[in-house]
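Numbered per our numbering, the sequence shown finishes at 163, counting up by one with no gaps.
Please keep in mind that the hints were generated in silico from the structure rather than gathered at the bench.
Every residue gets a Cβ at the ideal spot worked out from N, C-alpha and C, and that includes glycine.
Hints are supplied without guarantee of correctness; some may be wrong.
Claimed, not checked - Ranges between beta-carbon positions, derived for each pair:
| # | residue 1 | residue 2 | range |
| --- | --- | --- | --- |
| 1 | K129 | V16 | 34 to 40 Å |
| 2 | D130 | Q73 | 22 to 28 Å |
| 3 | H147 | T109 | 20 to 26 Å |
| 4 | P64 | H147 | 24 to 30 Å |
| 5 | V16 | N132 | 27 to 33 Å |
| 6 | D130 | P64 | 36 to 42 Å |
| 7 | K67 | K160 | 23 to 29 Å |
Said to hold, decoys possible - The list that follows gives simulated cross-link-like pairs (lysine-lysine, BS3-like), each with its CA atoms no further than 30 Å apart:
| # | residue 1 | residue 2 |
| --- | --- | --- |
| 8 | K133 | K5 |
| 9 | K67 | K129 |
| 10 | K94 | K133 |
| 11 | K133 | K67 |
| 12 | K98 | K5 |
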Amino acid sequence: MAPLKYLAAYPEHLQVQVQQLLARNELGAALTRRYPQPNTVQTDSALYDYVNELKQRYLKNAPPLSKVLYDNQLDLIGGTLGSNTFASRVQGNKLKRKNEIRIASLFRTAPAEFLSMITVHELAHLKEKDHNKAFYLLCCHMEPDYHQLEFDLRVWLTWKECG
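Turn these sequences into a full structure, and let the hints steer you where they fit.
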């Protein structure tokens, strides 16, 4: 059994099931049945509006976002699907803080639920910088199926990589 890099931390029986579906060429169809909704958020401005709507619904007191965009430069090999940038600059006698969220451009073709999951993940970093218990509780508050979506996203990435 060849290792599945996106699923390496999951139990072996789940990895075996994914490999069997891959071998039978059924993984793509199974994912499409489970997530039939295409992602309609295609432009950077639509993404900005989408992310800000979620932020206003769940994180009203979080710092404002200065930029939200799809990024072609994010490296899937390194496992980066989204990133947060927090920059503080001194302008005169004031401290200006900017928050940016960048999401890998592959999410333009991903099912809508996966874009929701990665957006929730990146928004949670506005409150919790580390991947700790509070971070995952916040993710589950914003997206109740967060853990299932994260697993299914990893399966989808595996399917995309296997071509």
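Hints and how they fare:
1. K129 - V16: 34 to 40 Å: holds, 35 Å
2. D130 - Q73: 22 to 28 Å: holds, 24 Å
3. H147 - T109: 20 to 26 Å: Roughly 23 Å apart at Cβ, these two residues keep to the hinted range, so it holds.
4. P64 - H147: 24 to 30 Å: holds, 29 Å
5. V16 - N132: 27 to 33 Å: Given about 30 Å between the Cβ atoms, the range holds.
6. D130 - P64: 36 to 42 Å: Given a distance of about 22 Å, which is not inside 36 to 42 Å, the answer is violated.
7. K67 - K160: 23 to 29 Å: holds, 27 Å
8. K133 - K5: Holds: K133 and K5 sit about 24 Å apart, inside 30 Å.
9. K67 - K129: holds, 18 Å
10. K94 - K133: violated, 34 Å
11. K133 - K67: Since the Cα atoms of K133 and K67 sit roughly 27 Å apart, the hinted pair holds (cutoff 30 Å).
12. K98 - K5: Cα-Cα ~34 Å, so violated.
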